[in-house]
Amino acid sequence: MDITRRELARLAAAGALLPFARAAEEERRIGYCIVGLGRISLDHFMKAVKMSRRAKITGIVSGHRDKAERTAAEYGVPAGSIYNYENCDRMAGNKDIDAVYIALPNNMHAEYTIRAAKAGKHVLCEKPMATSVEDCQRMIDAFALVPLISMNWPYLTSTQSPGTIFFLRSASFWASANSYQVEARKP
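Everything in the sequence shown is counted per the numbering used here, starting at 146 for the first residue and increasing by one.
It should be emphasised that the hints constitute simulated quantities derived from the structure, not laboratory data.
These numbers come from a predicted model, not from an experiment.
Ideal placement from N, C-alpha and C gives every residue a C-beta, glycine not left out.
Heads up, some of the hints might be wrong.
To be verified - 25 Å max Cα-Cα, derived SDA-like pairs, lysine to any residue:
1. Lys263 / Asn229
2. Lys240 / Arg174
3. Lys272 / Glu256
4. Lys240 / Tyr228
5. Lys212 / Gly238
6. Lys240 / Leu182
7. Lys240 / Ile285
8. Lys195 / Gly221
9. Lys192 / Met253
10. Lys272 / Asn251
11. Lys240 / Arg198
Unchecked claim - Label pairs and their computed distance ranges (CB to CB):
12. Arg198 / Ser277: 32 to 40 Å
13. Pro223 / Asp286: 27 to 35 Å
14. Asp241 / Arg215: 18 to 26 Å
15. Asn252 / Arg198: 30 to 38 Å
16. Asp241 / Lys212: 17 to 25 Å
17. Glu279 / Ser197: 30 to 38 Å
18. Pro250 / Gln282: 14 to 22 Å
19. Ser277 / Ala218: 33 to 41 Å
20. Asn251 / His209: 15 to 23 Å
Take these sequences, add in the hints, and give me the full structure.
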């Protein structure tokens, strides 16, 4: 293989920068705002995020300020990133929040998923998606306006494939710098 000095210099420079690129990739973690501090979010999702190298809790929405403050202290969430159900739309201005995890009673899934979509956030919604076909459609329509992913295990909707709902066998998420990738496989 013939390599010019110029090509060798470029390869050497790229090789020298590779550790920094990997470090930047490893440092980027998806920031989740948790909506609802019930058993599923506290005992399952948040504990898993705490153990993750790729995610962190960056916001909390709760109807109980004292519970939200205790949880925020445990997860290192600043007081300015604690919201209640009335003012949670303010999360739109919080750049630390990349995604919103909806763990509310089923009849509240549609409202808060749509609000998060309008705030420009990715959404991970607990199952069932909603309590009616109409609410499901409103949730899907909310994401038609913004290039975001809404996941409701085991279903995934994406504005990359408008109008398509995938049944998932598995999904994996990763983040690198300011880009996100979702790999989904149909059964």
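The hints, checked one at a time:
With a C-alpha separation of about 17 Å, the suggested pairing of Lys263 with Asn229 holds against the 25 Å cut-off. For the hint linking Lys240 to Arg174, the alpha-carbon distance of about 13 Å falls within 25 Å, and the restraint holds. The suggested pairing of Lys272 with Glu256 holds, with an alpha-carbon distance near 14 Å, which does not exceed 25 Å. Distance hint between Lys240 and Tyr228 is fulfilled; the C-alpha atoms sit about 15 Å from each other, no more than 25 Å.
Between Lys212 and Gly238 the CA atoms are separated by roughly 23 Å; this keeps the pair inside 25 Å, and the hint holds. Only pairs whose Cα atoms come within 25 Å are accepted, and Lys240 paired with Leu182 is accepted, the gap being roughly 22 Å. The suggested pairing of Lys240 with Ile285 holds, with an alpha-carbon distance near 24 Å, which does not exceed 25 Å. Proximity of Lys195 to Gly221 is assessed by CA-CA distance (about 10 Å); at most 25 Å being required, the pair is judged to hold.
Straight-line distance between C-alpha atoms of Lys192 and Met253 comes to about 23 Å, which keeps the hinted pair within the 25 Å bound. A distance of roughly 8 Å separates the Cα atoms of Lys272 and Asn251; the hinted pair therefore holds under the 25 Å criterion. A distance of roughly 19 Å separates the Cα atoms of Lys240 and Arg198; the hinted pair therefore holds under the 25 Å criterion. Our hint of 32 to 40 Å for Arg198 and Ser277 holds, since their Cβ atoms are close to 38 Å apart.
Evaluation of the 27 to 35 Å hint for Pro223 and Asp286 yields a pass: the beta carbon distance comes to about 33 Å. Separation of Asp241 from Arg215 is about 20 Å and conforms to the stated range, judged on CB atoms against 18 to 26 Å. For the pair Asn252 and Arg198, the supplied restraint of 30 to 38 Å holds, since their beta-carbon distance comes to about 35 Å. At about 21 Å, the beta-carbon gap between Asp241 and Lys212 stays in the expected band of 17 to 25 Å.
The hinted range of 30 to 38 Å is satisfied by Glu279 and Ser197, whose Cβ atoms lie roughly 35 Å apart. A beta carbon spacing of about 20 Å between Pro250 and Gln282 agrees with the range 14 to 22 Å that was offered as a hint. Checked against the given bound of 33 to 41 Å, the beta carbons of Ser277 and Ala218, roughly 38 Å apart, stay inside it. The supplied range of 15 to 23 Å is met by Asn251 and His209, whose beta-carbon atoms lie about 20 Å from each other.
When the structure is compared with the earlier hints, no violation turns up for any of them.
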